[in-house]
Amino acid sequence: MIQPHDLLKIKEGNHLIEKENVPEWLSRSISEVRFVVVRRAPIIDGDVPIGIRGKTRTERFGAFIPLSDVTERITPEQLAAAQKWRSHPCYEDFGVFQALNLVESVLQQYQLSWGPTGSVGFELASGQPTITETSDLDIIIRANDMSINIAKEIVSAFEEANVRIDPLVERQDGAISLIEYSKGQPSILLRTTNGPKLINTVPGY
Amino acid sequence: MNTIHLEFPATRRLTKRAHVGVVGSGDLEILLEPSEEPFVKLTVRTGTTGFDRTWQNVLERFFEENDVAANIKINDFGATPGVVKLRLAQALEVSQNDVEQLEN
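Protein chains in written order, with our numbering: chain A, 108 to 312; chain V, 90 to 193.
Extracted from the complex, chain A is given alone in its bound form (with noise of 0.2 Å):
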């Protein structure tokens, strides 16, 4: 089943589905790069939401691709597992590397499956160079019953690392930032399929 942040590699003469005007970064990262992500929206007709990335932060893009288009599916956890970071030519100079040996050490103890996304996500898939010095952390947690102190204590492990991490834990009903869980307060965002909306927090949910 695809689901939010798996990365895609959509093959060459693929039927990409636009609804806005084409920005002129898009063609040439379609045609080289071919991996895109997947976004949180309903899969209608077969039509998979998916963000496809430019070189700088500003360029992104939404549009739709066929399920037939694809060629390969990887998920966070596929990276997380496969650990090629290791091997990344600046693994002793970008912060975010040791970010992850942390998270992996963290997450271990809780024996919880997780995996990068965001712009380590999109490098760790596709090779094509992404990360910079100055990039943050984002990661995912599958978790449905996560209580509010291992919540704490996760997010308070994290503050060790020398860049940001920005948790998300994915449940069946969507997503929630673990920091914001964390804080034990009476409302939180969840990201669903269907967009957004505010829910009540109870321990243990």
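Careful: at least some of the hints might be erroneous.
[Stated by the list, open to error] Taking lysine-lysine and the DSS-like style, the derived pairs with C-alpha atoms no more than 25 Å apart in a straight line are:
no., chain 1, residue 1, chain 2, residue 2
1, A, K290, V, K174
2, A, K118, A, K191
3, V, K162, V, K105
4, A, K126, V, K174
5, V, K174, V, K130
6, A, K304, V, K174
7, V, K162, A, K304
8, A, K290, V, K105
[Unchecked claim] For the chain A half of the interface with chain V, some residues (derived, Cβ under 7 Å), not all of them:
no., residue
9, T165
10, G225
11, D245
12, D273
13, S284
14, I286
15, E287
16, S294
17, G302
18, P303
19, L305
[Unchecked claim] Distance ranges between label pairs, derived from CB positions:
no., chain 1, residue 1, chain 2, residue 2, range
20, A, T178, V, S114, 24 to 30 Å
21, V, R134, A, D152, 36 to 42 Å
22, A, R193, V, T92, 35 to 41 Å
23, A, S194, V, K105, 48 to 54 Å
24, V, Q145, A, K304, 23 to 29 Å
25, A, A189, V, T92, 39 to 45 Å
26, A, D152, V, P98, 23 to 29 Å
27, A, N307, V, D141, 33 to 39 Å
28, V, T100, A, H122, 41 to 47 Å
Simulated from the structure, these hints should not be mistaken for laboratory data.
Computed from a predicted structure; not experimentally measured.
Where is the CB? At the ideal position from N, CA and C, for every residue including glycine.
Fit chain V to the given chain A structure using the hints.
What follows is chain V alone, placed relative to chain A:
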């Protein structure tokens, strides 16, 4: 970093500060403080450029429907308009919970 300043008339006072949201991709952080002046004054800092018009529209509509005198700082990390509206609603929820408590 792009900074947008907006101001709309307002009459209803709030009593409590609010800090909601997250410094994280696709999200935003809102710092709200009650104001004595009859305005809602907004400062939006965003890394994304080219969406000034969208911000203007989203915020104008929200404060037409929600009359609150406040100074509001928004630090945006690429949130969608849907997330922006929910986070604003959440900030008002927090700053109004206290009003109810005072009345009780």
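Against the structure, the hints:
1. Distance hint between K290/A and K174/V is fulfilled; the C-alpha atoms sit about 21 Å from each other, no more than 25 Å.
2. In summary, the hint linking K118/A to K191/A is supported, as the alpha carbons are separated by about 24 Å, within the 25 Å threshold.
3. Between K162/V and K105/V the alpha-carbon distance is near 15 Å, which keeps this suggested pair within the 25 Å criterion.
4. Between K126/A and K174/V, the direct Cα distance comes to roughly 23 Å. Compliance with the 25 Å bound is thereby established for this hinted pair.
5. The straight-line distance between the Cα atoms of K174/V and K130/V is roughly 16 Å, inside the 25 Å bound, and the hint therefore holds.
6. At most 25 Å may separate the alpha-carbon atoms for a hinted pair to count; K304/A and K174/V meet this at roughly 10 Å.
7. For the suggested pair K162/V and K304/A, the alpha carbons sit about 21 Å apart, so the restraint of at most 25 Å is met.
8. Straight-line distance between C-alpha atoms of K290/A and K105/V comes to about 18 Å, which keeps the hinted pair within the 25 Å bound.
9. Against a cut-off of 7 Å between C-beta atoms, the interface hint on T165/A holds, since the closest Cβ of chain V lies about 6 Å away.
10. A distance limit of 7 Å between C-beta atoms decides the matter here; for G225/A the minimum to chain V is near 6 Å, and the interface restraint holds.
11. Interface hint status for D245/A: upheld, as the beta-carbon distance to the closest one in chain V is roughly 5 Å, under 7 Å.
12. Because the beta carbon of D273/A sits about 4 Å from the nearest beta carbon in chain V, less than 7 Å, this interface hint is met.
13. The restraint placing S284/A at the interface with chain V holds, with a minimum CB-CB distance near 5 Å, inside the 7 Å limit.
14. Look at I286/A: its Cβ gets to within about 5 Å of chain V, closer than 7 Å, so that hint holds up.
15. Using the Cβ-Cβ criterion of 7 Å, the hint placing E287/A at the interface with chain V is satisfied: the shortest such distance is roughly 5 Å.
16. Proximity of S294/A to chain V holds as hinted, the smallest CB-CB distance being about 6 Å (cut-off 7 Å).
17. The beta carbon of G302/A comes within 5 Å of a beta carbon in chain V, closer than 7 Å, and the hint placing it at the interface holds.
18. With 7 Å as the threshold, the beta carbon of P303/A comes within range of chain V, its nearest partner Cβ sitting at about 5 Å, so the hint holds.
19. Checking L305/A against chain V by beta carbon gives a least distance of about 6 Å; that is within 7 Å, so the hint holds.
20. Between T178/A and S114/V, the C-beta spacing of about 27 Å keeps the proposed range 24 to 30 Å intact.
21. Checked against the hint of 36 to 42 Å, the C-beta distance between R134/V and D152/A comes to roughly 39 Å, which is consistent with it.
22. Remark: the range hint 35 to 41 Å for R193/A to T92/V is upheld by a beta-carbon distance near 40 Å.
23. The supplied range of 48 to 54 Å is met by S194/A and K105/V, whose beta-carbon atoms lie about 52 Å from each other.
24. The beta-carbon spacing between Q145/V and K304/A, approximately 24 Å, falls within the hinted interval of 23 to 29 Å.
25. Take A189/A and T92/V: their Cβ atoms lie about 41 Å apart, and the range 39 to 45 Å holds.
26. The given range of 23 to 29 Å is broken by D152/A and P98/V, whose C-beta atoms sit roughly 46 Å from each other.
27. Here the CB-CB span from N307/A to D141/V is close to 34 Å, well matched to the stated 33 to 39 Å.
28. T100/V and H122/A have their C-beta atoms about 53 Å apart, which leaves the hinted 41 to 47 Å range violated.
Consistency with the previously given hints fails for numbers 26 and 28, ordered from lowest to highest.
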